[in-house]
Amino acid sequence: MSIENDTAFHKQSVDAFALLGGQPAFSTPLGTSGLARPDVEAFLSYSKRFFDAKQYTNNGPLVRELEKRLAAFHDAEHCVTFCSGFWALVMAIETLKLANKSEIVMPSLTYRRLADVAAWTGLRPRFCDVDPKTLAISPETAREAITDETALIVGVHPIVNCCDAAGLIKLSEETGIPLLIDAVESVYEETEHGRVGSMAPIEVFSLHASKLINGAEGGYITTSNSDLRDKLRLIRGFGFQGQDNVVVGGGTNAKLNEIHAALALANLDSLEQFVAHNQNIYRTYEKELEVLPGMKLLAFDERFKTSYKNIVVELTEDWPLSRDRTIEFLNSENVLARPYYSPALHQKPMRYPHFPASLKTTEKLCSKFILMPSGFMVNPNQIRNLISLLRSLFDAADQISEYQERAHQ
Amino acid sequence: MSVKHLACLGGEPAFADPLPVGQLYFPDWERYEVAMRGIFERQYYTNHGPLARQLEARLEVFLGVKHVVCVTNATIGLMMAAEALELSGKVLTPAMTFLATPLSVARCGLEPVFCDVDPVTHHMTPATLEAALEPGVSAVLGVHLWGSAADTIEVQKWAEKNALKCYWDSAQSMGCETAKGLIGGFGELEVFSLHATKIISAGEGGCVATNDPDIAARLRNIRSSYGAGPAVSVVKTSNGRMSEFQAAIALLSLDDFEMNKANNIALREVYMSELCDIEGITLEPLHGVIASNAQSIVVRVGEDFGVSRNLLKDALSAENVLARRYFWPGVHKVEQFMRQPQWNLPQTDQLNEDVLALPIGSRVKGEDVGTIAKLIREIQRNGAQIG
Numbered sequence: 001m002s003i004e005n006d007t008a009f010h011k012q013s014v015d016a017f018a019l020l021g022g023q024p025a026f027s028t029p030l031g032t033s034g035l036a037r038p039d040v041e042a043f044l045s046y047s048k049r050f051f052d053a054k055q056y057t058n059n060g061p062l063v064r065e066l067e068k069r070l071a072a073f074h075d076a077e078h079c080v081t082f083c084s085g086f087w088a089l090v091m092a093i094e095t096l097k098l099a100n101k102s103e104i105v106m107p108s109l110t111y112r113r114l115a116d117v118a119a120w121t122g123l124r125p126r127f128c129d130v131d132p133k134t135l136a137i138s139p140e141t142a143r144e145a146i147t148d149e150t151a152l153i154v155g156v157h158p159i160v161n162c163c164d165a166a167g168l169i170k171l172s173e174e175t176g177i178p179l180l181i182d183a184v185e186s187v188y189e190e191t192e193h194g195r196v197g198s199m200a201p202i203e204v205f206s207l208h209a210s211k212l213i214n215g216a217e218g219g220y221i222t223t224s225n226s227d228l229r230d231k232l233r234l235i236r237g238f239g240f241q242g243q244d245n246v247v248v249g250g251g252t253n254a255k256l257n258e259i260h261a262a263l264a265l266a267n268l269d270s271l272e273q274f275v276a277h278n279q280n281i282y283r284t285y286e287k288e289l290e291v292l293p294g295m296k297l298l299a300f301d302e303r304f305k306t307s308y309k310n311i312v313v314e315l316t317e318d319w320p321l322s323r324d325r326t327i328e329f330l331n332s333e334n335v336l337a338r339p340y341y342s343p344a345l346h347q348k349p350m351r352y353p354h355f356p357a358s359l360k361t362t363e364k365l366c367s368k369f370i371l372m373p374s375g376f377m378v379n380p381n382q383i384r385n386l387i388s389l390l391r392s393l394f395d396a397a398d399q400i401s402e403y404q405e406r407a408h409q
Numbered sequence: 001m002s003v004k005h006l007a008c009l010g011g012e013p014a015f016a017d018p019l020p021v022g023q024l025y026f027p028d029w030e031r032y033e034v035a036m037r038g039i040f041e042r043q044y045y046t047n048h049g050p051l052a053r054q055l056e057a058r059l060e061v062f063l064g065v066k067h068v069v070c071v072t073n074a075t076i077g078l079m080m081a082a083e084a085l086e087l088s089g090k091v092l093t094p095a096m097t098f099l100a101t102p103l104s105v106a107r108c109g110l111e112p113v114f115c116d117v118d119p120v121t122h123h124m125t126p127a128t129l130e131a132a133l134e135p136g137v138s139a140v141l142g143v144h145l146w147g148s149a150a151d152t153i154e155v156q157k158w159a160e161k162n163a164l165k166c167y168w169d170s171a172q173s174m175g176c177e178t179a180k181g182l183i184g185g186f187g188e189l190e191v192f193s194l195h196a197t198k199i200i201s202a203g204e205g206g207c208v209a210t211n212d213p214d215i216a217a218r219l220r221n222i223r224s225s226y227g228a229g230p231a232v233s234v235v236k237t238s239n240g241r242m243s244e245f246q247a248a249i250a251l252l253s254l255d256d257f258e259m260n261k262a263n264n265i266a267l268r269e270v271y272m273s274e275l276c277d278i279e280g281i282t283l284e285p286l287h288g289v290i291a292s293n294a295q296s297i298v299v300r301v302g303e304d305f306g307v308s309r310n311l312l313k314d315a316l317s318a319e320n321v322l323a324r325r326y327f328w329p330g331v332h333k334v335e336q337f338m339r340q341p342q343w344n345l346p347q348t349d350q351l352n353e354d355v356l357a358l359p360i361g362s363r364v365k366g367e368d369v370g371t372i373a374k375l376i377r378e379i380q381r382n383g384a385q386i387g
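These protein sequence lines map, in sequence, to chains H and P.
The first sequence begins at 1 in the numbering used here and counts up one residue at a time.
The second sequence begins at 1 in the numbering used here and counts up one residue at a time.
Take the hints with a grain of salt, since some may be wrong.
What the hints assert, rightly or not - Short derived list, chain H residues pointing at chain P, Cβ under 8 Å:
1. L35
2. R37
3. W120
4. N253
5. L271
6. E272
7. R351
8. N381
What the hints assert, rightly or not - Calculated Cβ distances over 12 Å to all of chain H for the following chain P residues:
9. L78
10. E83
11. K180
To be verified - Simulated crosslink set (SDA-like; lysine to any residue; CA at most 25 Å straight-line):
12. H/K48 - P/D255
13. H/K348 - H/G122
14. H/K54 - P/L252
15. H/K296 - H/N245
16. H/K54 - P/S362
17. P/K365 - P/H5
18. P/K333 - H/N245
19. P/K236 - H/F355
20. H/K54 - P/T197
21. P/K261 - H/P339
22. H/K101 - P/L311
23. P/K236 - H/R338
24. H/K54 - P/R300
25. H/K54 - P/P13
26. P/K90 - H/K296
27. P/K90 - H/A99
28. P/K374 - P/L311
29. P/K236 - H/T306
30. H/K287 - H/P339
31. H/K101 - P/G109
32. P/K90 - H/G122
33. H/K360 - H/I327
34. P/K90 - H/G249
35. H/K348 - P/S233
36. P/K236 - H/R113
37. P/K157 - P/I215
38. H/K101 - P/S362
39. P/K333 - H/Q55
40. P/K365 - H/N58
No lab work stands behind these hints, which were simulated from the structure alone.
All residues carry an ideal CB built from backbone N, CA and C; glycine is no exception.
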């Protein structure tokens, strides 16, 4: 079947777009989540181990194995798992922050709950700008936000490629302010300074279903510091060391259960297949977008290992519709494209103490990017159809604005 | 079995495998496998999926409340609860509780203030609350223990009289009922644990029950489950989601509730007859409930037992009977929660010194209870050597 002949994706008239009354191009939604599915037998065979040991949580056999495997995978000395990336971040901040300081430096163009993460530690977010080349926090932008009250810097790897982690580590060493790297989107990545997960004092990852390693819900940290490892192991389990012995404050229950560990282990076993799938998706976007004006694919830096997982496009001035309007059209066609980190954190209302900021680069960038469908549930043929759909949206842009003007009259 | 040589005196342990105090019921492999294959077929892993929604609906019926919000564990549920109630300042709570209770309060930037408990029921009363009330308290966080219950109505009345919000840590109370209604519908909300050690288990898990639609909506937003009801303003969000895997296990566990409860009750009856004539050992009766999950066997070890509670615990542990001191250390003795002048909570101190929880649940058979009782007698008889 030739794509050009398929009217579902190549809309012949303005009112064929679902937003303007037509049928959605895709019958099932195309999402942006990883949703990697390992072999069910592999999952069941891991499950059998906790089942036979009759241990369902509380640092069980699979959690211990997962931690060993992930540490090896990242070239890190230690790994500590958690019930989610969110609580891994909270616990890591709690463990690393300078005592008696009240502020935390973080980029604004990032994960939409990162400021909330900080609020659970009582630190007041001070947002910094990003480097337009990496879309990430840089040593220079971080430095601008440092004050006498800074307790911690959160470096965040963007969802395509990496931030200058080595530069941030140097800044941290120079200022004495601890650094935590949020590496949730960079599980597989390597840089010229080594593997992500082997660099900063603490790097934090997620095992959420949408991420590279699907553990349904879950998270983990890597560290080369055994004191930090020990403290994190303690506070994820209420602060108990052994039975009846509370040795640290500020604990909670942030333990990963055995069933989620089984899923993460099975997915870790099939990780290379998932990365190959992602690369295939990425190559399809690369090829198809080359001939579509106005939409530029954010390229992975292929000098180093990468997961090819997230697909981000930039709208250039040739693209005829606004970013938000484009997403509206796509969503109605069952394409669950999302604005890339928009609004930025500092643009959102916040009901806890924070520092208002004006961040020129972030404000400019956060209206230009779209996160496009990818992951295990998406195949290259769907991507080709999606680009077809985008081509018809591009072609019909003039008629769409006329159509809407008429509709408003 | 014959108890010849106590392990603490150089003999072999009475049990080859440890007997824990937690429930640890789990569905059999066939049912587990079917449920897991279903998740893999649907490829829906988390985020308020079909099983999580089904579990919430079934728990709403089971607990007799309008809204149940499932969460990844009860501690995070308690934190979300304090957030959803938008509390400030201090929270009054009994010191006779598991550490998670005050930790949840402190994680929300609030200060726990501890009250004592009634020595007979082990629960807070209006009198113990009144004695501990101080300026700055905005809420009461009630606690139910052992499958018993505090006097919910009296505590609530007292809270109302003092213009305080009242919510409940009902982590141990899944499936318990008082003369005034099922545990689950009292106060602003109640938080339950679905941990593996509880009668209904999700492996790790919990849920929050409430009859207030606004609180439920805030909880869902704080939990952050995309698409689960309307977006409402909350101070801060978190990740408290329960996955499909957790929900699948909890649904199977809910199916088994009556069976597991009956097993607990049968074990409890064996304990009652086996322990009743041991001097210095008192099996705590269930207080304040007309139906209980019977998930705890709590005894008090009196001076007349002849061996201290701690030595009894150690001697039982050596036999692979993993008896537990509850709560040890008392939360008011934990550095994070100590203050000057020191907490004056004599009843809690006493209970912390003489309460011992004994094994019950899936790993314990009726005849094991007989053996445990024999061991306790034997430990008593050898008191001089042990002590």
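Determine which of the earlier numbered hints do not hold for this structure and return their numbers in increasing order.
5, 6, 8, 9, 10, 15, 21, 22, 24, 26, 29, 38, 39
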